[in-house]
Each structure stands twice: as C-alpha cells, then as structure tokens.
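Chains as they are written, first to last, in my numbering: chain A, 23 to 338; chain B, 2 to 274.
Everything labelled a hint here was simulated from the structure, so no lab data went into it. Don't take each hint at face value.
What the hints assert, rightly or not - One-sided excerpt, in silico: chain B residues whose CB lies under 7 Å from chain A:
id, residue
1, Tyr61
2, Gln66
3, Val78
4, Gln142
To be verified - Here are the simulated distance ranges between beta carbons:
id, chain 1, residue 1, chain 2, residue 2, range
5, B, Pro87, A, Gly251, 49 to 55 Å
6, A, Ala221, B, Pro266, 36 to 42 Å
7, A, Ala327, B, Leu151, 25 to 31 Å
If you're wondering where the values come from, they're calculated on a predicted model, not measured in any experiment. Every residue, glycine too, gets a C-beta built ideally from N, C-alpha and C.
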Amino acid sequence: MPGPRALLGLGLLVAAARAGGRCRERGWSWNRGWERDRCLPRRAMHSPGTARPGPAGLRFLGQEEAQAIDQELFTEYGFSVEQLMELAGLSCATAIAKVGVLGGRRGSWHCGLSCTSASSKAYPPSSFTTSQPAVLVVCGPGNNGGDGLVCARHLKMFVSLLGYQPTVYYPKRPSKPLFEGLTTQCKKMDIPFLPEFPAEAEFIDELYGLVVDAIFGFSFTGAVREPFGSILSTLERVTVPIASIDIPSGWDVEKGKADGLQPDMLISLTAPKKAAMHFTGRYHFLGGRFVPPALQEKYALNLPAYPGTDCVLQLT
Amino acid sequence: GPRRPPARSPRAPKSLPGVERGPGCARGLGTALSPVLSGACPQGSRAEAEAMEKELLEDYRFGRQQLIEIWGHACAVAVTKAFPLPSLPRRQPTLLVACGPAQNGAIGLVCARHLRSFDYEPTIFYPKRSPDPLHRDFTTQCEKMDIPFLSYLPTEVQLINDAYNAVVDAVLGAEGTEGTAGTEPCAAILATLRLVRIPIVSLDVPSGWAAGPGGSGDISPDVLVSLAAPKEVARRFQGRRHFLAGRFVPEELQRKFGISPREYPGSDCVVAL
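Okay, chain A solo, but in the shape it has when bound (with noise of 0.2 Å):
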C-alpha cells in the first residue's frame, strides 16, 4: 500500500493542511483560524466513560422500536427512504458545518471564552488552495452509507462556509437506483471516490481534517464483513476527529461498545438510540427533522424544539 505521498501524487488524494493547531488535551482542533495553543476546553461536566444523560425526558431508542419507527415512517406516514435520506444528509452535513466554523460566527456556545471575531469569516473564498483541508467520508454497505453520500454533497455545498473538501470511500455499493443516483450526484460534483481505503491510521490523521462515519447504522447486528472490521480498525487508532451518523459504527446500537469507535461527534437521526448513552464525544446532534408530531406522540419521543428552522439540534 503505497503512502500517501505517492497516492497524493497520483493524484487520488486530496492533500490537507492541517486544520489548525493540535488541541493539547483532545489532540486536534478543527478551527484553522485559532491560535495554535487554544483549543476548544471539554465541557466541564463530561468525563470520559460517563454515560451521559439528554435533555429531560428525551426517550433514547432500543433497536426495535428504531426499526419500528423507520418502517411506520415508510408504511404509514408514505416517506420514501429517498427523502428522509435526503433530510438526514442534509442534517448530518449541517451539524458539522456548525461545530467546524469559527467560534465567534456561530457564537460562543462551543467554547467558554467569549468569541468576538464575528466579523472574520473562517473559511474567506480567497484562501482557497489545493491543499484545502479534506474530510474522508466512510459509507457502509446500506442505508447509513446513503445517508453519509447525502452528507458529502452539502458538505461540498458547504465548501466556502467549512473549508473542508469532502471526500468518499465507498467500497460496497447495492446495485439500486438510489445509491447509484446519490454516487453520481457526488461523482457529477467533484467529489474524489478513493480507490483504495488508506492503510494506517497515521495517513489519515496526515490527509483528513475530519473523518465522517456513515459504516453501520441503527441496523447493524454485530456482524461486520469485510473490509469493515479493517476499516474499523484502522479507524479506532486515528486521532482526527471522527462524526458519525446515528449510531458509532461497531457499536451496539443499545450497549455500545467500550473499545470500539471513540468519536467526537454523534449526530442522531429521528431520535437517540440507547448507543447514544454511552456516547462520551463532545457534540451530540440530533438530525432527521421529519418525524410528524403524531408519530413523537405514539412513541412518546420528547424531542426537544429544533431552533427556528433549522435541521439539527445540538444535544450537548
């Protein structure tokens, strides 16, 4: 497997430039336009290995009714998995675009210090380069990859608010109008689909600013084919910033796995999974706002009002 400097030569990978400073505690920070020695402080009532309680009376999910929820959605409410993919990609990429852009444009709610450079934008057009920061975009071999090749188009939407370059690696792709469609939209815009998933962790941590985990969803039943334990592997030894989509892929999507995924961001489609409770990252997301008023009442969901129009909701 070649390093990434031949790969980057061959013109398959985006370069990255780090993306700012490396966060003394956490270990990386996604704000280019810090000081190298700020970094965004942990918020003070997280700790490492504390499941970590939502909002009052948010209901967090068992697999079941997850699944339940999905189907009634489809069968019931006359959804089409092509829109609330839509609706959940687009939520996915929004809540990263939050947390990834400057402080002080989005106020100060991720940071304890007052954020006063409101007027600079993070990510001027101008700074354009080609070796833009990049985010690798991980899509699984079902709906959880869909989602993730919905979240790489906005974020290449997103490219002049973000900074970010998105790019895809998409190593099991179903033989459905869906998926090809959401692959040639990203393909039609741009978007690099690696050839090759990078062998080490380090490469990654080198070449992407982010990693977005769209590997296994609120489906997922402990069975991981290849390559995904691989991917998987290499994944829990990378030091960038993981997202991931619904649920951490590897985990359980009710007891969570201890040693597996650790990552930073957890965005949560329709409502919490009970995986989510033991999601120790710093920004959980809810995303998927299509869940008619109706369906929250029968499951008694509890979720809490979206912010005006917006498409997520920032749990903690």
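Keeping the supplied structure of chain A fixed, place chain B upon it in accordance with the hints.
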C-alpha cells in the same frame, strides 16, 4: 435585489437582475457550450429551466422526489424568512397553501409539510389532485402531519383575509400556459388570489404569469421564491422579497447555464436577492 428590473437597451444580451453577463461570457466555455450562449434557450426561459431539470435528472441522477423535497424545503425556509413567526399579524400562524395539479403543486405540498414542522399552521387547498403516485405520497405525508385540506376555497375573499396570514401560491408556477391558466379549477383560484389583501408567496413563477403579461389581471405576489435560477418572468416581479433557492445546483450546472454564483448565508439553502 433591485425592486425594478434594470432598463435594457435593445441590443443588450438578455440578462436577469443580478446576473452578470458580459459579451462572449467566458464562464462555461470550458465545458459544453452553454445552452444560453448557443442560443438554444434564452436565459430564464422555460426551455432553459426544463433543460436544467433534465440534466439534473438524467446526468446527475437526482430523483424527482428528491428534487421536489429539496425545492419544497427551500420554499418553506424562504417563507419563514419573509414571514418570521413572531411577525405574523394573526394570533395563530396560519397560512393557506394553494396547490395546483402538477409539479408546482407537489412542491407546495412539501413546502406545507416543512412549514408545519417549523410550527406554522398551514392549510392546503388542493382541488385537482394529481394521479401521479409521487404526488399522492406527498399528499399522504401532509395528511399524516395533520395538515387540514380545504374542500373548497371561499369565494368571499374576506374570509381568506381574516383566516390566514399569507397565501403560498403553488398553483401553476412555470407550467402555466395560456391554456392551463384559464382552466378550472386554477382559473377560479387565480381569480380569488387576485383579490386577496394578505401577502402572496409565489413558488418559482407567480401563477398565471407564464401565460404572458396579463396587465392588471395578474396576481401580485409579495414574495417570490425562484427555484434554481430566476425565470424570465421574474423581471416583472415588484414585490417585497425575492429569494433564490439554488444552493443545490451543482457548480458545473451553474456555470453551464450562466447562473451567477451567490453567497448563501451560513448553511442556508436560500438567499435573498
């Protein structure tokens, strides 16, 4: 954007407010010759809109339901920007969404559903339902969101003025031609919309306008949400707010169709022109 379209000299290239087109526009020449430059379809024309949609569906492999979802969602976001919840005059955040029988109506249905999730209270008037299974699904989704469907539209306009804060016009859009604008039930809807005193938000093209200038017979929307790119008839728009829902258009298509790139605020899918 400008309130009135800029005056055009007779030989100036066709150009929409805010769209820069120099002579021999260099943009887009890297790829296939722009359909606009090749004269195949004038910018903002219905032919051009159809060409772009075709390319999105066939080359980019967007799904039609996906596109309608994207457009409907964007229209709803625009409505909330034009009429923020706290600004509504009535105690209840009611909106009337008038949906025609074709794609513009389907976009209206999706728009209504998102408005409902944004805590507005839309009511839909959808007299001539499309048999298209796709549109039927959109209808089901709205019904299941507990959005009421009116069985008839009151001809007494005051009832509409009193009950709703604004009307979303998703009746004909760009599909309106001289034939359809005059047929029922669209003709009756338009006749009523011409008389309402509450603001109208038109989706893509004010209904009835595509049939050609009707002078004082046209509806006068307060807000226009252009999809992908402003249409030619948008030049006649003199309302308060004009939004563009075009963030979803891939850059290559924007270049190809001569759509000038715009800066969208944050992660918003619409921008005020």
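Against the structure, the hints come out as follows:
Below 7 Å, beta-carbon pairs count as interface contacts, and B:Tyr61 has one with chain A at about 5 Å; its hint therefore holds. With 7 Å as the threshold, the beta carbon of B:Gln66 comes within range of chain A, its nearest partner Cβ sitting at about 5 Å, so the hint holds. Look at B:Val78: its Cβ gets to within about 5 Å of chain A, closer than 7 Å, so that hint holds up. Interface restraint check: B:Gln142 against chain A, minimum CB-CB distance 5 Å, threshold 7 Å, status holds.
Between B:Pro87 and A:Gly251 the beta carbons are some 52 Å apart, a value that agrees with the proposed interval 49 to 55 Å. Taking the beta carbon of each, A:Ala221 and B:Pro266 are about 41 Å apart, inside 36 to 42 Å as hinted. At roughly 28 Å, the beta-carbon separation of A:Ala327 and B:Leu151 lies within the given 25 to 31 Å, and the hint holds.
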